[in-house]
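The residues making up each chain are set out below.
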Amino acid sequence: MVLAVKKACKNFGGLAAVSDVSFTIQKGEIFGLIGPNGAGKTTMFNLITSMFPLSSGEVLFKGENINGLKPNKITEKGICRTFQNIRLFPKMSAEENVMVGVHCRSKSGVLSSVFRTKSQRKEEKEIRQRANELLEFVGLEGYADVTAENLAYGQQRRLEIARAMASDPQLLLLDEPAAGMNETETSDLFHLIKKIQTRDITVLLIEHDMPLVMNLCDRIAVLNFGKKIAEGTPEEIQNNPDVIEAYLGSEEEEEYA
Amino acid sequence: MLAELINPYYLQIGCFVLINIILALSVYVPLSTGQLSLASAGFMGLGAYTSALLTINLELPILVGIIAGTLIAGLFGIIIGLPTLRLQGVYLAIVTLGFGEVIRVVFVNWESLTKGSVGISGIPHIGREILKTVKEFGFNPQNLGLQNNQFIFLSIFLLLLVIAIFLVWFFRRQSRSRVGRAYAAINLDEKAAESMGINITYYKVLAFTQGALLAGFAGSLYAHVLAYISPADFSYHRAVDILVFTIFGGSEVIWGPVFGAIFLTFLPEVLRFISEYRYMIYGLMIIILMAVRPQGLIDVSLINWIKSKVSKRGVKHGSSSEKSM
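Protein sequence lines correspond, in order, to chains A and B. In terms of my numbering, the first sequence has 49 at position 49, counting the first letter as 1, and numbering is strictly consecutive. In terms of my numbering, the second sequence has 112 at position 112, counting the first letter as 1, and numbering is strictly consecutive.
Where hints are given, some of them may not hold.
Stated by the list, open to error - 25 Å max Cα-Cα, derived PhoX-like pairs, lysine-lysine: (1) A:K107 with A:K7; (2) B:K191 with A:K70; (3) A:K6 with A:K70; (4) B:K191 with A:K77; (5) A:K91 with B:K307; (6) B:K309 with A:K91; (7) A:K6 with A:K27; (8) A:K62 with A:K6; (9) A:K195 with A:K77; (10) A:K107 with B:K191; (11) A:K73 with A:K7; (12) A:K73 with A:K107; (13) A:K107 with A:K70; (14) A:K125 with A:K77; (15) A:K195 with A:K62; (16) A:K6 with A:K227; (17) A:K107 with A:K118; (18) A:K73 with B:K307; (19) A:K62 with A:K227; (20) A:K91 with B:K191; (21) A:K77 with A:K6.
What the hints assert, rightly or not - Which residues of chain B face chain A? A few of them, derived with a C-beta cut under 7 Å, are: (22) S177; (23) D189; (24) G197.
I should point out that these hints are in silico values taken from the structure, not numbers from a laboratory. Computed from a predicted model, the values in this text were never measured in an experiment. For every residue, glycine included, the Cβ atom is placed at its ideal position computed from N, Cα and C.
Next up, chain A with everything else stripped away, as it sits in the complex:
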C-alpha cells in the first residue's frame, strides 16, 4: 500500500469541499479519481501534497502519517504532482524546468556552487543528464533549449510530467493530463503513463476523458459533492447506478440541469 487516505475532510468556511473520503492505492497501480466539476478532486490533490491542511482525517504514505508536512517535504518523501492549469516556470528552458525538479535529490549549496567544487560539477553533470533522459522519456528530445512558454500545449503538459518525475517520486499525481489534448496526443499520453507504470511509479490520476480513464486505470474512485460515491474496477464503475446518476442526473433532478 503506497497511499492511504482516511476519512479526509476539508471545509472552506461552511462549504465541505471534501468530506469523509477514504481510499487506498496499492503499489504499482494506476488509480483514477473522477467526478463531475467541483466534486473536490483537485482539493484532494492539494490535501495529499499538503498545499492545504486537512480539516480532519489523515493521509498515510507508505504507512507514515504525512499530515502537516510542508509541500517540499512531501516531495522529498516521494510524492510529486502536476497541475490542472499548467504551472511550468515559463521563462526557463525545458531543460532547466526539469533540472529544478531534481532539486530535492541534489544538495550543492552557495559556496560549492560558486567555487564549482569537484562534487558540485559532478552533481551538475548528473542533473543535466537526468533532465535530458527525462525529456527523451516524455518525447521532448530536441526541445531542451526551448523556453517553456514557447512550447505547444501538449508539450507543456508532457514537460510538467518530466519535471515531476525528476524528483524521483514513488507516487505521481497527475491532474487532468489530457485536458485540451487532441486524440493523437491523448493516445501518446496513454502510452506515456503506461511507460511510467513500468518504472515502478504508482500513478494517481484525475481525468475527465472517460475512454482514457477506463482504458488506463486499474481502479477508480468517484467523487461527487466532496463525497466518495463509488470505488472499483472500470467495469464496476461503468455499471454503478450512483455514478451514472452523478454524471447524467436522474429524471427527478431536473432542477440541477
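Use these hints to put chain B onto chain A, whose structure you have.
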C-alpha cells in the same frame, strides 16, 4: 604622465560607481526570488555606523570593522527576512522601507552613540591606511610619479574594482547553479517551486540576507571611503536611488543592475554643465524608460542578441563585457 591622467575627482566618482554597483546587487539578489526590498539604505546605514563606531571607539582595524558591519547587517537581514516571508510585492516594499526609516530615526536620536544628525566624522580612511601601510614597507608613491592624494584615490578605486568584479562573478556563478535555479523558480511560481521540493523559506531568507550582507558591506566601505557619515546618507532618497539602479538597468540578468549603477552614477556628473536641469533630465529618462522598456534597459533578449552578434563577427569585435553572459 601617469600623474596627469589620474584626477582624484574622476577617481572618486569611479569609487561611488563601484559602491553603487554593490548596492544595486543588494536589490537584485532578493529581487531574483521575487522579493522587492527597499531596506538596502537601512542595511547600508547599519554597516556604515557599525564599522565607523568600532574603528573610532574601539580603534579596531578597518578590515575588522567592515566585516563586523557586514555581518550585523546580515543578522538584521535574517531578523527582518523571516517575519516578512509572507509578504509579496508592494507590501514587502512598504515594510522594508519602514525598516529603513526606523534605522535612520535611531541614528538621529541615539545621540550619545551616533552624535545624532550631525553625523560622525574622522572615520579612518581606507586610502590613507593603505598609504601608511605601504610607506612602512618603504614604498613611496612619488616613485610612480604620483602625489599622495592621487595614490590614495587610485588605491581605493583599484580595491573597490577588485571587490566589485569578485561580487559580480560570485552572483553570476550562483545564478547558474542549483541555488540560482531555485531562486528563479521561486520568482516565477512560488507554489510550483514548493511542490517541486524547493524549501522556499530557506531560499527566500537566504536571498534576503545576501542582499542585506551586500548592502551592509557597501555601507561599511562607504564610511571608510568618505570618512564622514550622517543619517541623511541613508534616507528614503538613498533607498529609492538604489532601487532605480536595478529597475532602470533591468533585473533579469546581473548586467542590468551593474549597468544601471554605472550609468545613473555618471549621468548627473556628465550633465553637470546644465546645472539644475540635470535632475529633470534624469527623471525624464527614467519615466521614458519605464514606459517603453518596463523590464529595464538590459534584458535576456538583449544579452542573447549581443551574444549572437559577437559569435557572428568573431571575438575581436566583441569586446563588450556582456559577451560572456
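Please flag the earlier hints that this structure goes against, numbers listed from lowest up.
Violated hints (numbers, rising): 1 and 18; every other hint is consistent with the structure.
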